[in-house]
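Start from the sequences, fold in the hints, and give me the full structure.
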Amino acid sequence: MRNPLADVIVNVKPSGIRKFFDLVSEMKDAISLGVGEPDFDTPWHIRDEGIYSLEKGRTFYTSNAGLKELKEEIAAYLKRRIHVEYDPAKEILVTVGGSEGIDIAMRAMLNPGDEVLIPQPSYVSYEPCALLAGGTPVIIELKEENEFRLTAQELLSSITEKTKLLVLPFPNNPTGAIMEKEDLEAIAKVIIEKDIFVLSDEIYSELSYKGEHVSITSFPGMQQRTILINGFSKAYAMTGWRLGYTCGPKEIIEQMFKIHQFAIMCAPTTSQYAAVEALKKGDEDVARMREAYDQRRRYLMHAFKEMGLQCFEPYGAFYVFPCIKEFGMTSEAFASRFLEEEKVAVVPGTAFGDCGEGFLRISYAYSLENLKIALERLKNFIERLRKEQKTEHS
Amino acid sequence: MREKILTYIERNSRVDLKDLAILLGTDEATVANEIADMEKEGIICGYHTLIDWDKTSSEKVTALIEVKVTPQRGLGFDKIAERIYNYPEVDCVYLISGGFDFMVMIEGKTMRDVAQFVSDKLSPQESVLSTATHFILKKYKDHGSVMVHQQKDERMLITP
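Top to bottom, those sequences are chains A and B. In this text, residue positions in the first sequence follow the numbering used here: the first is 1, and each later residue adds one. In this text, residue positions in the second sequence follow the numbering used here: the first is 1001, and each later residue adds one.
There may be inaccurate statements among the hints.
What the hints assert, rightly or not - Restraint ranges, calculated between C-beta atoms of paired labels, are given here:
1. M27(A) with E1010(B): 32 to 38 Å
2. G57(A) with E1126(B): 54 to 60 Å
3. G1046(B) with R384(A): 40 to 46 Å
4. M27(A) with G1042(B): 49 to 55 Å
5. L1129(B) with K210(A): 55 to 61 Å
6. K1139(B) with K210(A): 20 to 26 Å
7. F40(A) with L1129(B): 51 to 57 Å
8. I1051(B) with E69(A): 42 to 48 Å
9. R1014(B) with G221(A): 51 to 57 Å
10. D48(A) with T1056(B): 58 to 64 Å
11. L1137(B) with R58(A): 35 to 41 Å
12. D1091(B) with F40(A): 44 to 50 Å
What the hints assert, rightly or not - In silico DSSO-like cross-links for lysine-lysine, where the CA-CA straight-line distance does not exceed 27 Å:
13. K1121(B) with K1079(B)
14. K1152(B) with K305(A)
15. K1141(B) with K281(A)
16. K1004(B) with K372(A)
17. K1079(B) with K210(A)
18. K1152(B) with K343(A)
19. K1121(B) with K305(A)
20. K19(A) with K1079(B)
21. K1121(B) with K372(A)
22. K1068(B) with K1055(B)
23. K379(A) with K1018(B)
Please keep in mind that the hints were generated in silico from the structure rather than gathered at the bench. For glycine and all other residues, C-beta sits at the position ideal for the given N, C-alpha and C.
What follows is the structure, given as structure tokens:
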């Protein structure tokens, strides 16, 4: 029989930490700090709108780009939150989660051989999406001493003549890093000077704990060279609804629209009606959840300090990214032992790129009671590791 | 800061002050002082425990009583309310807009207890025109806490 498979997908390497996840799923009584989604339920009034839309029999496709009302609400929201104006008719596309936006943006923008700059540690799908779109991923390894922000210098030294697109994933999963106004200003300057484009994944924009989130699109000259990705999953605790959106210059959105139209048709109708309600009346819910995350973030940072675990202070998303280099073991070895001995699951930093080695992603999308138990176990574990190190050395 | 403290302890008054200080990004002394001040100022009026008595072996009934009154000259509603809230078996007294004047909540051991309170103590009051007693059959949610079921974390660990 002939080989039924396409080389391009076969050559995409599967997530390296499958083994570890299999281990976690077998351990039923483990406390998990590994999940990458909110612990809150979608606020009831939003769920209720979804249910109502079903009761009304709104079970048909919407127009391909999304409900007009939703696109208008998205435009109003972006104007209110990041002070950038998009034309709902031509510059906004409602997608199946932010993930679809990442995929179709790359497919619409990359020609074979075009280089895509991907700062890591970061979310796992940028690299495979770039590959599937025929691009060449080029990794920029972010540094802890820069609080895992992307510097203009790092960007400049990775740009070649083939560079077409920069992925800008802030607030960042898994590090929790954010980019502030000055950081972005410097990046924007390089982008314009070198004439490249940006895919700004701002899915965690509402979970920013140091002043207002700043979008790269708000800098002069940047809106016309940026594809903005956002969605409802993180801000409104709507992961299962699979709803996101992407905004950009109409020439790019037009092409993305074609892929979306042929591959997806339209985003789920029920979710779109619920999302209209989220944007209209969800601001208070977002603020309430943000405050809860921020409290837990402070609690974790304080606990790390007390146990002497090195960790830069992250101001975004719902992750902390402590450094475990002092224990002289790989992230995966640390995470496996921690799981076996203390029954707590955390994600090894290497899941998010090779430069995540020596770090762990700990999610605080968990109740404080849960976090407290896990932290107590972490404290016991690292004390034991330190003791072991001492006896080895003496 | 006050609002943040109140928002937190309204749902969890048992929080450790040291923890609360960390959660709110301040120090323990500030939190302790603010709470002490708010107790003095009568902003914080008490600390209670939310109990689902149905899950215990104790028998308790709770009733909501709508009360219509005639406000007395020179005394208004406050004086009448005082006559009602002074009974220890009365849990809450609210002045209400709409079809009646006071909403009184009372807890008793049996329905008979409650009925007796209404017939012997509440109704005979001079300014009370009429009452309507409603017994609570089941509590689904109280003070923001859902009492009928507990939620499980059903999230799965998927590729991050």
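We went through each hint and held it up to the structure:
1. In this structure the supplied range 32 to 38 Å holds for M27(A) paired with E1010(B), their Cβ-Cβ distance being about 37 Å.
2. Separated by about 58 Å at the C-beta atoms, G57(A) and E1126(B) satisfy the suggested range of 54 to 60 Å.
3. Between G1046(B) and R384(A), the C-beta spacing of about 44 Å keeps the proposed range 40 to 46 Å intact.
4. For M27(A) paired with G1042(B), a C-beta distance near 51 Å keeps the hint of 49 to 55 Å intact.
5. For L1129(B) and K210(A), the Cβ-Cβ distance of about 59 Å falls inside the hinted range of 55 to 61 Å, so the restraint holds.
6. Range check, K1139(B) to K210(A): about 42 Å between beta-carbon atoms, so the 20 to 26 Å window is missed.
7. In this structure the supplied range 51 to 57 Å is violated for F40(A) paired with L1129(B), their Cβ-Cβ distance being about 47 Å.
8. A hinted range of 42 to 48 Å holds for the C-beta pair I1051(B) and E69(A), which are about 46 Å apart.
9. R1014(B) and G221(A) have their C-beta atoms about 54 Å apart, which keeps the hinted 51 to 57 Å range intact.
10. Distance hint check for D48(A) and T1056(B): the Cβ-Cβ separation is about 34 Å, which falls outside the suggested range of 58 to 64 Å.
11. For the pair L1137(B) and R58(A), the supplied restraint of 35 to 41 Å holds, since their beta-carbon distance comes to about 36 Å.
12. Between D1091(B) and F40(A) the CB atoms are about 32 Å apart, so this pair departs from the stated range of 44 to 50 Å.
13. A hinted pair counts as satisfied when its Cα atoms are at most 27 Å apart, and K1121(B) with K1079(B) qualifies at roughly 16 Å.
14. For a cut-off of 27 Å, the pair hint linking K1152(B) to K305(A) is broken: about 31 Å separates their Cα positions.
15. For the given pair, K1141(B) sits about 23 Å from K281(A) by alpha-carbon distance, which is consistent with the 27 Å threshold.
16. Distance restraint check for K1004(B) and K372(A): the Cα-Cα separation of roughly 21 Å lies within the 27 Å cut-off, and the hinted pair is therefore satisfied.
17. Of the pairs offered as hints, the one joining K1079(B) and K210(A) is violated, with about 51 Å between alpha carbons and a cut-off of 27 Å exceeded.
18. Distance check on the hinted pair: K1152(B) and K343(A) sit about 18 Å apart at the alpha-carbon level, within 27 Å; holds.
19. Simply put, K1121(B) and K305(A) have alpha-carbon atoms about 61 Å apart, too far for the 27 Å limit, and the pair is violated.
20. Using a Cα cut-off of 27 Å, the hinted pair K19(A) and K1079(B) is violated, with the two alpha carbons roughly 72 Å apart.
21. This hinted pair does not check out: K1121(B) and K372(A) have alpha carbons roughly 50 Å apart, beyond 27 Å.
22. For a cut-off of 27 Å, the pair hint linking K1068(B) to K1055(B) is broken: about 34 Å separates their Cα positions.
23. Between K379(A) and K1018(B), the direct Cα distance comes to roughly 18 Å. Compliance with the 27 Å bound is thereby established for this hinted pair.
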